[in-house]
Each structure stands twice: as structure tokens, then as C-alpha cells.
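Residues per chain, in single letters:
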Amino acid sequence: MPVSEEPLLPNTEPRDELAGVLAQFPNAATLVEAATAVREAGYRRWDCHSPFPVHGIDTAMGTRRTPLPWLVLGAGLGGAMVAMGLQWWTNAFDYPLLISGKPLFSLPANIPVAFELIVLFAGLTAFLGAIVLCGLPRWAHPLLRSRTFRRVTTDGMFISIDATDPKFDVQATPNMLSSLGAVSVELCHEPAHARTIPSLLVWAVVVAGLLALLPPLFIARARATKSDQPRVHLVPDMDFQPKYKPQTASGLWADGRAMRAPVEGTLALGDLQSDDHFWRGKQGDGWAAAFPVPVTDRLMARGRQQFNVFCTPCHGLTGMGDGMISQRALRRSDSAGWVPPLSLHVEEVRKQPAGQVFNTITNGARKMPGYGAQIAAEDRWAIVLYILALQRSQNATLEDVPEAVRPQLR
Amino acid sequence: MTHPIMHQRPAHMTVDSHLRLSIAPRWIWALAALGAAGLLGGLLSGWLQGDDLAHFYHTYLATYSFFLSLALGALFFVLLQHVTHAGWSVSVRRLAEILAGTLPALAVLFLPIAAAVIGRSPVLYEWADPQAVQADELLLHKQPYLNAPFFALRTVIYFAVWVFLARYYLKRSLAQDDSQEPQLTLAMERASPLGLLLFAATVTFASFDWLMSLEPRWFSTIFGVYYFSGAVLGALAAMILMAVALQARGYLRDSIQTEHYHDLGKLLFAFVVFWGYIAFSQYLLMWYANLPEETVWYLPRIQGPWGVVSVALLLGHLLIPFLGLLPRTAKRRKPVLAFWAAWLLAIHWLDLYWLVMPSLDPGRIVFGLTDILCLVGQGCLMAAAAASLARGRSLLAVGDPRLGESLAFENL
Amino acid sequence: MSTLDLRSADNTGNDPTRRAALVIGHHDYASVTQLVSQLAERSRTPLAWYVAFAVSAAWAGLFFLLIGYLVFTGVGVWGNNRPVGWAFDIVNFVFWVGIGHAGTLISAILFLFRQRWRTSINRAAEAMTVFAVICAAVYPGVHIGRAWLAYWLAPYPNQMQIWPNFRSPLLWDVFAVSTYFTLSLLFWYLGMIPDLATLRDRAQSRLKRFIYGVFALGWRGSARAWHVYETAYLLLAALATPLVLSVHSVVSFDFAVSVLPGWHTTIFPPYFVAGAIFSGFAMVVTLMVPARAWFGLKDLITLRHLENMNKVILATGCMVGYAYGIEFFIAWYGGNPYEQFAFLNRALGPYAWAYWIMVTCNVAVPQLLWMKSWRTTPWKMMIVAILVNVGMWFERFVIIVISLTRDFLPSNWGAYSPTWVDLGMFAGSFGLFFMLFLLFCRWLPMVAMAEVKTVLPHPEN
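First to last, the sequence lines map onto chains L, X and U.
Mapped onto the working numbering, the consecutive letters of the first sequence carry residue numbers 124 to 533.
Mapped onto the working numbering, the consecutive letters of the second sequence carry residue numbers 50 to 461.
Mapped onto the working numbering, the consecutive letters of the third sequence carry residue numbers 695 to 1155.
Bear in mind the hints are in silico, worked out from the structure with no lab data behind them.
Worth double-checking, as some hints may not be accurate.
To be verified - Below, in silico cross-link-like pairs of lysine to aspartate or glutamate (EDC-like), each with a Cα-Cα straight-line distance of 20 Å or less:
id, chain 1, residue 1, chain 2, residue 2
1, X, Lys191, U, Glu1021
2, L, Lys225, X, Glu459
3, U, Lys1066, X, Glu238
4, U, Lys1005, X, Glu342
5, L, Lys490, L, Glu471
6, L, Lys405, L, Glu501
7, U, Lys1005, U, Asp722
8, X, Lys315, U, Glu924
Please model the entire structure based on the sequences and the hints provided.
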């Protein structure tokens, strides 16, 4: 078929730059034969186009296998490493999370997420890699301007040869394609100026883009300004529940209060505390001197442990009143208002009966708060016992030391 | 994506010397004699161990379940090809039919195990001993199922089904070699769905009876699928090795092509992954729930010497062959594929050994002469059975109407 | 070798000497393009489409209204209670995810198995998958109660300096379902690129040409691109195949890693996968039987395609039946009294009706498909497919609700009945599903034209 100068695209203007030549072939078999011939003719920048993958075309064109599988394998291995690293770092290292006695880094439990990330990474790579390796997206291409070429997605078989190919010749190349059995051959041109987007769409995108700016602007304004209004409850988030809160009113009862007083004479479990000696350190009207609990080694050890927990911060390990809090308070420049804790070894304390010490621990004295709520009654007695031992230790005489070990004191 | 082509059966494909297995009967007898000698030697060696044949019986069962799995996997392959009306596999299907054809011989090899159970001996199965059952509430609960007569009855049913199916397909396929009658293909295809149902039921309960009940207090619903996955893997590996060995001796040169190896390799790869999936499903669920009645089975297998085997299975049964079979070339190059088939066959045996042996001795691996002689003995007997079955017959289903399609297809 | 009568509508015969045609009628490349493209190109939308769309959109609207009601009020609007903390929400989630398995199965697994009949149905099945997964993903999203904090499920550095618990199967589910949705969408889109290019090249209006053109990415059918494209498709298929298995396996882990009787059993992962394929194929048949009639696609989606799908339904139905049987047997064999009670309670307890609906629909009804007339008669297979969908919904109900009503502690036993919100949301999710599917049928290529062209018996008439 002879190539005339005329059958250029009707919508191409002559001053557009030449992009290449496009030839249509009648069927797949001719296409494969022609592709073999074009390759053997030494062309480098050319391609075949068909509505579906034509069997044998890769061999005919000499297409090399795509490296995509290797990219996908790499991405899969990367996914495995990311998944394992993520699970180890988050659950075993950065914030060790102990779940049902399983090891912090539990391989069996980490397999599912690792598998999913392998597939996710590999799949995304397969998709994006294919798009990139196919040379897509390319919305404006000279071939897409050809009306004949529109059949390529229905039943058309084409060969296109790029004008930049070293062997390209504006006369010889179309002639060769004709001789290979092309049913039509035409020249394609680069568009001189490309603008194919409908103006309606351009406007729609611009308006949508401007509208999309509004929410961030409102958020930015809200973050930059202050307001004394209650916060906006976009979702109620269980903030408003149909229930009574303490100290609120209710029309249900005559007294108008939502909170109900317990029945007269009600006692909560454990609130009876009838034993004055044990619970308040009193015998009759005075402070008890004796202990309401058996004095044992265990009690002493317990007392030491509880003293070290609750008392030492202020009173110090030996009860000298030199605990860390006191020391720090005294070091501060504004320590004028600080009342240092009493040494437990001063006469004033030493002469107190055990019940009175117990009462001080329970209810506090001067600036010392009461510890009745924190320390169980039995433990308070244990502390009293330990304080007695401390006082004895700081005020001992030689007579307190057994005869047998006195020589070692030298 | 190629065009569908109606393939003509190639004219030159007739049963000729390139297809007919020629092997002298004396070699088959020699193989059988070697096998029998091996088994007797194993029995003797096991007896000398002085443990009332406990080790011999366990290693015999492990190896037996290995060779049985090859035949059952091959039977499944045949059924699957027929149920899907497959074309590509015609060129290798005869190998599977021959492999499945050894099931009658395997039924004979089961007799020692059946004898132990019928003799009420607890050498393999604790529940076979009536006194042990009376002493254990759980075994008493299971007695309606786990008892010698019912066990024997079920075994007869299993083998009846398998031998019937294997013979049904082999007979019709051989008849087609001469008659080239397409109706035979139709008959085989029609029987295949029912055959698969029977296969699924029998293989599941056989694996429960013969392997899971070794530790009668333990149970797992996926166990049948686990045995099945290994069986198909083993059968595919065995078929690849058979094809390679036969081609090396000049058979099947034209019919089994790179494309068929590629497809077998892909299926092998798929079943490597499938086995890993099933094994992981069972392990994860028991590991996670941490129930004593389930972990009792895994504990000896993940600690001590058997723990090493577990790691070897994870690597050798899943990760290494996964990476090894991943490249396209590994499935298309005969020596490479044969290597992986041999590897997987060996590791599949190890899998079954690991399944059976810790129930005898959870703390030790005693691998020695008894094990080797059992393996060699059963292997030779199975090979002899396969060879006598195939002798003088075509190694290719030449009469299959889809042979042309099989010879012409190409992978993407 | 004889040739087939291509005009015959019944191509379900089995003749070992030749392969049946996968496309009937005398179609060539151009007529396939014309047949499929005209559906998307119609300038006037049929009234029936508007009616169907209005109905499904109304239900979808109800769905979103009820989600709003739920979010603003709290999950108390559902019938969930103690001990039945998971009910319609998770039943529907598993139901929809399961349906979403057929598309990728058809696209990926059947592709790897060279089942070329998939080419006529894969596009619609993949679309169905994407829409079903959307319906599924809504449920766990809203059932967490504070739906606006759903992003806490993602492992991102936050001011609380705490991370999600990666040993929880519920988090695995987040990864599995989101990966599955992403890959299904990519797979669907990648397959659609050449067909979008077809619609671009045939478009009569500039706007249509532009919109289809944008999504076609400038596809020119280049042979070098086809080579990469086919490799990518194969790779995605190879990745999607284990992904399909993993997704429903992970869903099964949600239950099976616990120690609740009826939930903890090792066959759950493959059994769930088989059930998912079973229900998914049933949904494909449910959609395809009317679609091929209404859209005039009987030449492409032939009786043979439907018969093959029915065979898959039968096969997976048998697998599901196998799992039911093995579960029951091991419940007895295992000797655990709690397990035994759980299974007897399913069959004989207060919700026995649900159990027997499940067994009837999932095991008994598919056996009808052994008969060829049930596999090849559209109205008959519709009955089976719909009943299978009913049965598979009840399977999830049986597993989740019945197991939760009866756990180890009799004092903790309870009962469940759905509220109108539960029922409305369930119906509404169907509305959303059908609305999306109708949009797909109207504007996108329903059949993979480029792929069908490779299986035409006589393409170059």
C-alpha cells in the first residue's frame, strides 16, 4: 500500500512535530510476523499494540523478561523484616507487654501479621512496579490522538515506530510497514500544545480544592484562639449519662436530694471497731501501755518493713528526724515555713505510752498527716513496736549488752 | 493467555518400546527378596534391642505410614485430575496410577500392625490392652471407638475403598491404552467426586486410627488434613523422581516435557505451603490456648532432641524448599527439581517419624539399624509391587483423548 | 474432530475429545467489546435500574442512619449482652468477609489453576468481593463502641507511648482484612485498566473520554506493557491465593485461639476458608443468574460457567459438612465434657432451630447439585445458592452466639435476641452491597473483555 502525504490525522496541524509512524495489521498472526521483521530490521524504539496479549509476540519482539518478580521478592522480604521488627520493637522492647504468660517476643503469634505485611508490601510493589515498568501513567501520548488507533482496545493490531529511532526514515519506514502487510499506515505527531482537560472539570477541581481548605482553616483558627464556652461534643462519648451524680438534686424524694442517707444505725462491714485498745490505743480513759497483739519477732520484722516504707521519708531510717524530705526542705531557700519532723528519740516522745504513739500514727500530729487510712491497724502496732526498739537502740547503756559480748565492744 | 486449541492426538503416540516398561521378572523377584530380607533383618535387629519389639513396631508404623502416604497421595492425584477434567496431567497420570496401584501390597504390609492390635498387645496402641483401658477413665470413654474388633473392621473398610478405587482407575486407564475409548474417561470422571468423598472419609479416620491414637488421650480435628497434606506432597515428589528416573533410562522422553515438570513443581510448591499452613494452624491454636490435654502432644516434640527435629521440619519442610522452589527455573530444570523432590521425600519421612516415635520415647531419638532395615525393606517391597504392576505396560496413558492437549500446553 | 454448534445455549456437555466453548454465539473481538461496552455506554439508564437503585440506596441510607444512631447512643442499641458480647455485629462481619472470598478465589486461584472459564465472571466477582469487604469492615469498625477512635488499632507513635497488642488475633484481623481489601482493590483495578481504555476509546462525549481516560492511565495495549502486565497479574494472583486462605484463617483465629468450647478446635482455619468460598460462590451465582439475563450476557456467562460454580459450591459444601462431622466426632472422642455439652447444646439446646437450619442449608441442600438439572437450571440453582447463603449466615450465628450463651459457668449463661437496630443494620448492609453493585453494573465493564478475547473459539471471523 503506497503511503501518501495526505492521510495525516484530520485533527493534527502540519506544524506539529513528527512523533512516529503507526501501522495497522489485519490480525494477530500478521502482527507477529511483522514484529519479527521489524526487530530483524534493527529497529530499537518501537512497539506492538493489541487488545489482548498476543501469543508469541514476546519472542517475536525479543522482549526481555521483566525484573518485576525480583522487585516483588525484595518487597516481600522487606515486609517480613518490617513486620518482625515492628512487633519486636513495640511489644517486646519499647513497651513490653505481657499477655497471658506468653513470651514478650512470641514467634507463633507474630506470624499472621508478618504474613499479611509480606503480602501487602509485595502486592503494592507488584501493582506500582507494573504501572511504572509499563511506562504509565501517560495520559497524553501521540498515539492516543489517532482515530484509527482507537481500535487497539477493541480489535486493532498495530505496530508503532518512534521517530527518535536511529533507523527511522520518514519515507522508508512506512514503506517497510506497508510491505509487511499493514492495512493502513499513518504518521503521528506530537501535539504542539496539549490541553485535553475539559474546562468544566478544571473549575470543579479548583472549587473542590478551595472548599477542602476550609476545614483545616477552621481547625487552625480553633486551635489558635481561646474560648470560655464548654467544649463541643461532636460525639457524646458517654459524657451525658442518665444517672445521678453526688451532690445533685432530684425530685424523686421529699428532701430533694439525689444521694440517700443509709438507714439509721447502719454500719458498713468492718466499721464496728469496738475494741478500743486495738483500734484507738486506749485502755479506759488513758493511753494503753501494753500491746493488744502478741509481741513476736514477726511483728518486729513487719514493723521495720512498714516503718521503712511509710515513716523514713520524713523521720529517717533511725528515726532521727533526718528523712530525705526534711533534708531537702531544709536545703531550699524558702524553708522558713518548714517544721522539721520530731526526732523519735527526744524525751518527749520516749515517755509516750505505746497507745499514744499508735494514735499519732493513726491521726497525725502538728504537720504530720494521719496514716490510719493507708496502714492497717495491726501494722501500725508493728510500727509502734519497731519505734520502741529504735528508741532502745539509741539510748542503750552498757548494762543492756550481754556480759559475754561486752569485751568485743573495745 | 493463549488461544484455545483443539489438540489432535499425535499420530506417533502408540505404545512402543519407548513407553512400555521392560524389566526382567528376576529383578522384581530380587527386589522383593531384598525387601523381605530387609524386613526380617529389621525384625531381628528390633528383637535384639530387647524392648519387646516396641521400637521395631513404632519405626515400622512410621515408615509404613510414609509409603502408604505416597500411594494415597497418588490416588488423590488421579481422582483430582478426573474430577477437574484436567488435560495437562495426562502425560504423568499413569505414574500416579501405578503408585496408587501398590495399595494392595501395602494392605499386606499392614498385617503386622493389625496382628498387634488383634492380639491385644499394647506394643503400639495403649488402648489395645483391655486392662489398660479399664484403668483409665478416658480410654474407657473412647472404648466404643478404640477397640480391636472395630479397629479391624475399619481397617478392612479403608483398604477395601482404596484398593477398589486404585484398581478401578488403573483398569480403565490401561484398557483405554488399546481401545482409546473416550467413554472410559467419562466413566472415570463420573466416579471421581464420589471417590474423593470416600477418600476424604477413609484417609481422615485411618490417620486418626493409626497415628493419632498412638497417644490416645490427645486429639486434633485437623489431624486428617495434616496427614493428607503430607501425603500429596510425598506423592508429587515421588512422581517427579519416577519421571526423572524413567527418562534417564530412555522412557517417556517425548511425553514428559519441561512444562509438565513445571506444573508438577508448582503443585509441589503449593503443597509445601499447604503443609506449612496446616501444621502452623494446628501448632498456633494449641500453643495459644495452652490447654494441657493438647500441649501434652507437642511438649515432648518441641523439647530436647525431638525439638531439634521440629526445627529441622520447620526449616526443611517449609522455609528452605519454599525459597528453593520459588524461582521459575527451579521448577523447569530437571536436576534442580529432582533434588527438591528427593529432599521433600526425605523430610516427609522425617515428618512421619517425628509424628510416631516420640510416643514411644519422648526423651530420646534412637535411630539405628532397625529403622534403616524397615525403610529399605518396605521401600523395596513397594518398588517391587510397582514394577510388577508396570511391567510390560505403557508408562503413558496413550489412549487418553486429552493426551494431545497435554503434550501441547505451555506455561505462561 | 467435530465442531461445536456455537449457537446452542447449552455448552455443559462433557466430551473428553474436545473442550467445550467458553463463549457461545458467533462472537469476534469487536462483538465482545460491543456487547460489554454498550452496557456502560447507554445514554439512557433503564427504569428498572433506577427502581433497583432506589430500593437498595434506601436500605443503604437506613444502614448509615442506624450507624449514626449507634455511634451517638452506644452499642446498647444492639441486643448484645453479657455473656453474648459478640452477636449480629461479628456474625455479619464474618458473613460478609466470607462472601468476599469468592472474587479473589476466582481471580487468583482459578487463574493459577488455568481454569479459563473464570474470564467471563472474574470481573463481577472481584467487584462483589470489594463491596462485600466494605460491608464487612463496617461492623468491627462500629462494634468497638467509640468508632471515632478506630485509628487506635493502627500501630502509630502516640502520646500515650503505648502500642497495640500484636499477640491479639483481633489485631491480626485488622491487618488481614485491610491487606485483603487493598489487594482485592488493586487486583480488580489492574484487571480493569485495559477495559477502561476500551471505554475511553469508544467514548462519545469528551467528559466520558476524559474520566475513563484518567483511570485507564494512558493504556495503549503495548506488547511490552502486556508482558509486564501479565507478569504482574500472575504475581498478584500468586500473592492473593495464600492471602485468601490467610484472611479467613485469621478470622477463625479470632475464635479458635480462645478456650471457649465450640470455638477452640484445630480444624477451624481450613474449615472457615472452605466455608468462605462456599458462601462466596453462592453469592456469585445469586448475582450472576439474574445479571446475565438482564444484561444480555448469556453468550459470555454461559450455563457452563454456572455449572462450574455449582460444582465448586458442591465441593466446598462437602468440605464444610466434613468439618461439621469431624468437629462432632472429636468433641466426643476428646472426652472433654464441656466440649461435648457445647455440641449437644447446639443440636438440642434452645437454639437448635438455628443449628438445624445451618445443617439443612449447608450440607443437605447442596447435595441437590449432584443432579445435573440442578446445576444447569438457573431458577433451581438460585434456590440452592440463596439457601446456602442463609445457611452460612446461620453457621456464624451458631458458632458465635450459641457458644457464648453457654460457657463453663452455668451462672453465667444467657440468651440473645436481636433488636430492631440489629435487624435493620443487617438488611441495610445488603442495601449498601447491592447499591455498590448496581453502580458497578451501570458504569464499569462488567466482563473482562481483554481476557474473554483470549478464549474466543473463532475470534477472527
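- prompt: Within a Cα-Cα threshold of 20 Å, do U:Lys1005 and X:Glu342 meet the stated pairing?
  reply: violated (39 Å)
query: Is it true that the CA of X:Lys315 sits at most 20 Å from the CA of U:Glu924?
result: OK: X:Lys315 and U:Glu924 at ~18 Å, within 20 Å.
- request: Verify the proposed pairing of L:Lys405 with L:Glu501, using a straight-line Cα cut of 20 Å.
  value: The hint holds at about 15 Å.
query: Going straight from one Cα to the other, do X:Lys191 and U:Glu1021 come out at no more than 20 Å?
result: Answer holds: X:Lys191 to U:Glu1021 is near 16 Å, not above 20 Å.
task: Decide if the proposed pair is consistent with the structure: L:Lys490 and L:Glu471, CA atoms, cutoff 20 Å inclusive.
output: OK: L:Lys490 and L:Glu471 at ~17 Å, within 20 Å.
field: Agreement of U:Lys1066 and X:Glu238 with the hint, judged by alpha carbon distance not exceeding 20 Å
entry: The given pair, whose Cα atoms are some 14 Å apart, holds under the 20 Å limit.
- prompt: Holds or violated: U:Lys1005 with U:Asp722, Cα cutoff 20 Å?
  reply: Cα-Cα ~29 Å, so violated.
message: For a C-alpha distance cap of 20 Å, please report whether L:Lys225 and X:Glu459 respect it.
response: Status violated; Cα separation ~50 Å.
Hints 2, 4, 7, counting from the list given before, are not met by this structure.
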